[in-house]
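J.: Residues per chain are reported as follows:
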Amino acid sequence: MSVNLTLLIVMGALYACGIYLILERSLTRVLLGLMLLANATNLLILATGGYAGLAPLFSKDTPAQDYNDPLPQALILTSIVISFAVTAFMLGIIYRTWLLARQDEIQDDVEDRRVAETPSFDAEDDAEVPVETSEFPLTMVGSDGRDVSDRGAPGADADQEAGRSVATVVAGGREMPAEHAAAEEMPGSLNIDPSPEGGGK
Amino acid sequence: MITVLAVHFSVAVLAPFLFRLWGRNAFYALAAVPAVSFGWLLFQHNPIYTGSGAVTEDIEWIPSLHLEFAFRMDALAWVMSLLVLGVGSLVLVYCARYFKRKDQDLGAFGAQLLAFAGAMFGLVAADDLLLLFIFWELTTVLSYLLIGFARTRLAARRSALQALMVTTAGGLAMLVGLIMLGATAGTYRISSILDQASALAAGTSGGVVSAAVVLILVGAITKSALVPFHFWLPGAMAAPTPVSAYLHAAAMVKAGIYLVARLAPGFSDTAYWQPVVLGLGLATMLVGGYRALRQSDIKLILAYGTVSQLGFLTMVVGLGTPDAALAGLAMLLAHGLFKATLFLVVGIIDHQSGTRDVRKLSGVFRSSRALGIVAGIGAASMAGVPLLAGFVAKESVLEAFVHHAADPHSGPWGMVVLVGLAVGSILTFAYSARFMWGAFAVKHGVDATPFKAVRPSFLAAPAILSILTVAYGLWPVPVDAWIQPYAALFASTAPDAGTPVEQAGHLALWHGFTPALGLTAVTFVLGLAMYFGRNAVARAQSLVPGWVDGDRAYQLTIGALDDAAVWITGRTQRGSLYFYLAVILSVAFVLPLAAILLGGNALPQDIYLVDPNSPLQLVAGVGIVIGALAAVKANKRFLAVLMVSVTGYGIALVFALQGAPDLALTQMLVETIILVAFVLAMRSLPPELRDRTGGKYRVVRVIIGAGFGVTMVFAAMFAMGARTAIPVSLQFPQLAYEGGGGLNVVNVTLVDIRAWDTFGEISVLALAATGVASLIFVRGRGERLQASASVAAGTVGRFHGVDPGSRDGAALAISRRFAAAARDPWIVAGRTLAPERRSIIFEVVTRLIFHSMIIFSLYLLLAGHNLPGGGFAGGLTAGLALTIRYLAGGRFELREAAPLSAGALLGIGLALAAASAVVPLLLGGQVFQSAIIQVWLPVFGDIKFVTSTIFDIGVYIVVVGLVLDVLRSLGAEIDEHLEERSLDAGQEPDQEEQRQDEEEQEPDGLPAETTAKGHA
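Protein chains in written order, with UniProt numbering: chain C, 1 to 201; chain Z, 1 to 1016.
FYI, nobody ran anything at the bench for these hints, they're computed from the structure. Nothing here was measured: the structure is a model prediction, and the numbers come from that model. Accuracy of the hints is not assured; some may be wrong.
Quick list of simulated restraints, FRET-style, between CB atoms [said to hold, decoys possible]:
hint, chain 1, residue 1, chain 2, residue 2, range
1, C, 109, Z, 684, 53 to 63 angstroms
2, Z, 767, C, 117, 37 to 47 angstroms
3, Z, 714, C, 65, 51 to 61 angstroms
4, C, 65, Z, 945, 24 to 34 angstroms
5, C, 130, Z, 536, 52 to 62 angstroms
6, C, 109, Z, 714, 28 to 38 angstroms
7, C, 129, Z, 443, 40 to 50 angstroms
8, Z, 580, C, 117, 49 to 59 angstroms
9, C, 117, Z, 609, 54 to 64 angstroms
10, C, 129, Z, 455, 24 to 34 angstroms
11, C, 109, Z, 202, 30 to 40 angstroms
We treat Cβ as the ideally placed atom computed from N, Cα and C, and that holds for glycine.
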């Protein structure tokens, strides 16, 4: 199998320039790099066809070897049109990024940085758990055998009780004061400062 | 057995509806399920104990994976099932009074508890290692849900998660062990593995089997909360008390014991069995007992007591002698009875008094004597007081270990274990007494705890359990008979050993004056002493520094794991695309380069720099490289784009020189359209292109780029040099002419030989086009653009906010005067364009070439089969013609030129291509089969029509649709955005100036009134 060094060197140069460009932050340059990479790849496929030859337009008297290999050509034709579609799509992305953020640059992912700065303390895992010695802390009985609240005599502050009963939540099969629930409901994400971008939701 | 399981799980699914109907009384309905199953179990007694010793049921599940629903009910499984179903039923009955009517989520809770009973039954009945594992993990997951019942409480959430993590970690180790064992034995049937256990353990695979058994034991240890994983069980006391009673006393934690008991007949002689089982068991028993004495929450006293008893049970069950096996199962039953009783009692105390704190409870016995008696029976059984189940079982256990200690094979360790056992029993006695004292006694200086009267229905479940404890103690004969077949599995077959029953002994209240009885007496005396000296004990315990806390160690481990994960994530996931790409690309070239260098292959022979058939390639190549380098260096956006285009056109030239006219044509067209698209999309972006990745990053980029390029060159050289086969494409010309009926081999390849490929490609085109449209329009595809007739003349794209006194303003005024045209015969929408936007020359040129281009594109499409061209080239040419129309006449012109929606075009094209694939199929041919039709037409003469041209027409239409979408999106829609913005920019800064502008402009500009189309 023959190797066309001219095509390969040009291909190598295009790959090098393309890679250099896609390692850039500017989206436009990344797109240009991708186009160079596509061109380089087309050349690579073309080079597999061997020596230059006749255009593959059939004529009875020409032996098959004299044509330039038609198979890579068909592949490249497909590739050219697909790259056009991809380029158009990328242009759409670039325009939209510009419209939304006035940025033509690939930004670092702030969320990733925030994850890297997660503190080792997590309330869900590490907070002190209150010692509980009953599943029924609010139901005590008075000497008369009736239910009383452990907060005071029944009826003494009925208004307050009524007010408080509004602020209860029912969860886990039990009604409990909202403040207790809130104190226990400390999701770990509270430990992470919300970023100025408002990410992390 | 399968029916029992099915009923459990299906009723569990229905449970939420039952609770909606009946409220908390639905627990009674749920309790009926294990209760009826319990009755069924009693009927299985005769088949199991008189027949072959087991009842089996198998159903194929996934034969290819050797998975089957294999169940086997033997003596061990039967005894365990008694406990699981019986206690399960009683706990469900108890739940009906434990929970309050208004409690939430009871439906899910009841469903989980019932499903748990089913899973536990499946676990003990399974005869397949993998099936056992599935039920095992099912119990783990359900216990997670049950412990975490009070979802809002941190304690519940955290201990549920902790239990899940610990038991799942053990479960994974166990899975590895199970697979090792199953793979070694060649079967996953537990019964057949146990049959060949001695051969397995002694054979060449002995080491593997020992390791597998240790891994399985890890699973058992975590599940049964043995040291060092015991900490999760006291934590799990955050669960509602019925859950604790069932999962953490009678059922789930017994799964580990069950597994040890199941494997002991076969594997108790393997290398690491005895040290693991006896060592960890003893340690657990002592640690649990010691810590139970330190607790002030009666539930935690029981929890640590359970830990202690689990260690105790593991030792007994794992010892591997007939008498220990008998004693072990006896103890297992006794423990299930008394521990469930005690937990249920704790639940009642908590429910009625609102506390479980030893320091607050006082005088509960006076409030409810029945409760005190029930609890007293349970605690006495736990302590091993005569006439109760605990005493009977514990006597047998001590008996077995006295034998073990006396056995010369067990050496000095036998004695150590026996002493440890005795110490553990003393601790057990002490914490049992402490529990009774803490829960019921009258304490000086503490007010009598207010205590609501206990309803009989609430007390029923623990009362039944304590009655059973008494009955079992007084008449242990049935229990003895149930266990004997299991104990016989351990019986020695030596001639002087005697019958299995003689070796195992019997459960009985009175064995005579034996060493075991003596140990019991010592236990009682010292236990009582510890109880009465409890203050001294407490003082001594408070002097001992804190233990190595398992819970703390767990937290530190998890914390360290979290920190490590964050650290690694932070180092690898930096959020910089540049970093990721650099790593990926470096790997992508370093690896192949290393392979090439290390491989030491010679370069292929046939390398040439200048192709003798086309020497001009070298020149084109130089141009391409210069273009690429210039694109890299360019600091203006459009210059860079232009330079990339230079490489593209250069490559078109290379194609042409190589002998690929189709490629050259297509590449030229695409390059042109891309250039236009770039200009359209980027006109609102700033012209400068700054290079922000400087310094050392630039060096890295150069290295990676150059390295990648060089690697590709060498990789391509070696790859092509390695090619030996004759190219398949040598057949293509002949194929194309004879089969495809076309002379252009490339085109026939696309539309016929490799039509599937092309069909995939045009689908991608349609997708990409839709993507572009949705990125720009966000919704819709721009069909709402009005016809040009309704647009006022000269309004599109007016310059706003230009100072009329300036040079620009003067130029604008002149252009407006000259370029204004009210009538416009051909480029219809040209009229809508603001005069200053119009170019007469461009319009004239467009008029001249548009139709020619469309005709040419059709020619390319139809001639493509035989000459360079085809659907792609034709479609692109037509697209280019539309582009020119748009550029000359603006967005309304584009709409006039192509009134169809781009989406419709894409759809029609795809449908046409698909039809050309499907229709041959309907006519009895193959997908994409083509036919050649020859007709004679008057003017054209002989015409040869190949049906694959229809496919090519589809391609043509899709490409036109794609270009149209690009023009509508990147062209027309962005035009509109820009106009809106310039309008805003012109109006906002200064209202007064704006008004002045209008006054100045009004006479110059055209009247901005709508003109009807007929006017034009």
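J.: Give a verdict on every hint.
T.: Structure-based check of each hint:
1. Checked against the given bound of 53 to 63 angstroms, the beta carbons of residue 109(C) and residue 684(Z), roughly 26 angstroms apart, lie outside it.
2. For residue 767(Z) and residue 117(C), the Cβ-Cβ distance of about 39 angstroms falls inside the hinted range of 37 to 47 angstroms, so the restraint holds.
3. Separation of residue 714(Z) from residue 65(C) is about 27 angstroms and departs from the stated range, judged on CB atoms against 51 to 61 angstroms.
4. The hint said 24 to 34 angstroms for the Cβ distance between residue 65(C) and residue 945(Z), and at roughly 31 angstroms that hint holds.
5. For residue 130(C) and residue 536(Z), the hinted distance range of 52 to 62 angstroms is not satisfied, since their beta carbons lie about 31 angstroms from each other.
6. Checking the proposed 28 to 38 angstroms range against residue 109(C) and residue 714(Z) shows it holds: the Cβ atoms sit about 35 angstroms from each other.
7. In this structure, residue 129(C) and residue 443(Z) break the distance hint of 40 to 50 angstroms, their C-beta atoms being roughly 27 angstroms apart.
8. Between residue 580(Z) and residue 117(C) the CB atoms are about 19 angstroms apart, so this pair departs from the stated range of 49 to 59 angstroms.
9. The given range of 54 to 64 angstroms is respected by residue 117(C) and residue 609(Z), whose C-beta atoms sit roughly 55 angstroms from each other.
10. For the hinted restraint 24 to 34 angstroms between residue 129(C) and residue 455(Z), the CB-CB distance of approximately 33 angstroms keeps it satisfied.
11. Between residue 109(C) and residue 202(Z) the Cβ separation comes to about 59 angstroms, which falls outside the hinted range of 30 to 40 angstroms.
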